[in-house]
Amino acid sequence: MSVLRAMDKIMTCAEFQEKLPELFESQADLGAQEHLKGCENCAALVRDLEYIASQARLLLPIHDPSPAVWDHIQKAIREGDAPDAKSAAPGRE
Amino acid sequence: MAVERFVLMNPGPSQPRPANQHLRRNPPIAGEQEAIQRAQNGDSRAFETLYSMHKRRVYSLCLRMLGNVAEAEDLTQEAFLQLYRKIGTFRGDSAFSTWLHRLAVNVVLMHLRRKGLPQVSLEETLEPAQDDGPRKDIGARDLTLSGSIDRVTLERAIENLPPGYRLVFVLHDVEGYEHNEIAEMLDCSIGNSKSQLHKARMKLRDLLRTGQRKEQIA
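Sequences listed follow chains A and B, in order. Position 47 (the first sequence) corresponds to 47 in our numbering; numbering is contiguous. Position 151 (the second sequence) corresponds to 151 in our numbering; numbering is contiguous.
Think of the hints as simulated: they come from the structure by calculation, not from any bench. Note that the structure is predicted; figures quoted are calculated from it, not measured. Heads up, a few of these hints could be off.
Said to hold, decoys possible - Pairs of lysine to aspartate or glutamate residues, derived as EDC-like cross-links and limited to a Cα-Cα distance of at most 20 angstroms, are as follows:
1. A:75 to B:159
2. B:194 to A:25
3. B:55 to A:71
As the list claims (entries may be wrong) - Some chain A residues judged to face chain B by a derived CB distance under 8 angstroms, without partners named:
4. 26
5. 36
6. 56
7. 62
8. 63
9. 67
10. 69
11. 70
Claimed, not checked - Covered by chain A, per the in silico footprint, the following chain B stretches (three or more residues, Cβ under 8 angstroms):
12. 30-42
13. 52-62
14. 80-94
15. 191-198
C-beta: ideal position from N, C-alpha, C; glycine also.
Can you make the complete structure from the sequences, with help from the hints?
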């Protein structure tokens, strides 16, 4: 067993959870973490966090602005008061 | 000054992304290219077409980032007015929806900074108060969420995140931005963006579990 594995096995919940952001970002196989094999609490935490991230990816843009928004845009364009966009628009490609 | 750096921010060249990520964020829209060209030539009907194509995505982004309908509508309006003024500078080197989306994000972030609320100043946005943060989940064996959250519940929980967490969570997990892009947008380190995302997910878990417990009691 490697030193890392040995360290992993004796990792406490606090130590494991401290490492979690790094583990998620590394896209490591979390199921292979020794700590999770013996800790149902941390395993549940990992499952939940993965589930939340996966559900968030499925959220679609479902909200529509009220028709008044387009009316206001048209009015502003007609009146020539569209804001100077230089500060917020993405830069010239 | 951080705010000025943000205001003058230029997204720069696009970062390489996985193919599915690109498609998820920029699904092809029939007729969009023609509408862009016509709008660039001053065709107001074409601009209306672009509005119809993208209003839902821009508004949903604003609403999720702000959690407030009136503000989200105001900023949707502002984003499209900025689009109207700047569409001539779009040359098609990146997907139009990516370009417009970044414009909308910029509009929202500038609005948050203009408001000058403590929780959306740069430091507070990225470092919410400790009391507001997630806690370690040690020894709290409890129900798990898997398979139990519907879209409405998740949307509501996102609305209830502290603003700093919400921004990073929406940009990364919902909108699909990478940490390097978020760090550039928010003028923070990549490590900070990663840390905030993790805290946001932990906080969401807390919120969702609390909601489940309340439902069970009721």
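Verification of the hints:
This hinted pair does not check out: residue 75 (chain A) and residue 159 (chain B) have alpha carbons roughly 31 angstroms apart, beyond 20 angstroms. Distance hint between residue 194 (chain B) and residue 25 (chain A) is fulfilled; the C-alpha atoms sit about 8 angstroms from each other, no more than 20 angstroms. Distance hint between residue 55 (chain B) and residue 71 (chain A) is fulfilled; the C-alpha atoms sit about 13 angstroms from each other, no more than 20 angstroms. Taken as an interface hint, residue 26 (chain A) does not check out: its beta carbon lies about 11 angstroms from the nearest beta carbon of chain B, beyond 8 angstroms.
Annotation: residue 36 (chain A) was flagged as interfacial toward chain B, and the flag is violated, the nearest CB pair being 13 angstroms apart, outside 8 angstroms. Taken as an interface hint, residue 56 (chain A) checks out: its beta carbon lies about 4 angstroms from the nearest beta carbon of chain B, inside 8 angstroms. The closest approach between the C-beta of residue 62 (chain A) and any C-beta of chain B is roughly 7 angstroms, which is under the 8 angstroms cut-off, so the hint is satisfied. Taken as an interface hint, residue 63 (chain A) checks out: its beta carbon lies about 5 angstroms from the nearest beta carbon of chain B, inside 8 angstroms.
Proximity of residue 67 (chain A) to chain B is violated relative to the hint, the smallest CB-CB distance being about 10 angstroms (cut-off 8 angstroms). A distance limit of 8 angstroms between C-beta atoms decides the matter here; for residue 69 (chain A) the minimum to chain B is near 5 angstroms, and the interface restraint holds. A distance limit of 8 angstroms between C-beta atoms decides the matter here; for residue 70 (chain A) the minimum to chain B is near 6 angstroms, and the interface restraint holds. Here's how the segment 30-42 of chain B fares: 0 of its residues keep a CB closer than 8 angstroms to some CB of chain A, so the rule of at least three is not met and the hint is violated.
Only residues whose beta carbon comes within less than 8 angstroms of a beta carbon in chain A count, and the segment 52-62 of chain B has 6; three or more means the coverage holds. Counting residues of the segment 80-94 of chain B whose CB lies closer than 8 angstroms to any CB of chain A gives 13, so the stated coverage by that chain holds, three being the minimum. Coverage of the segment 191-198 of chain B by chain A holds [criterion: at least 3 residues with CB-CB distance below 8 angstroms; count 4].
Going through the hint list in order, the structure does not satisfy hints 1, 4, 5, 9 and 12.
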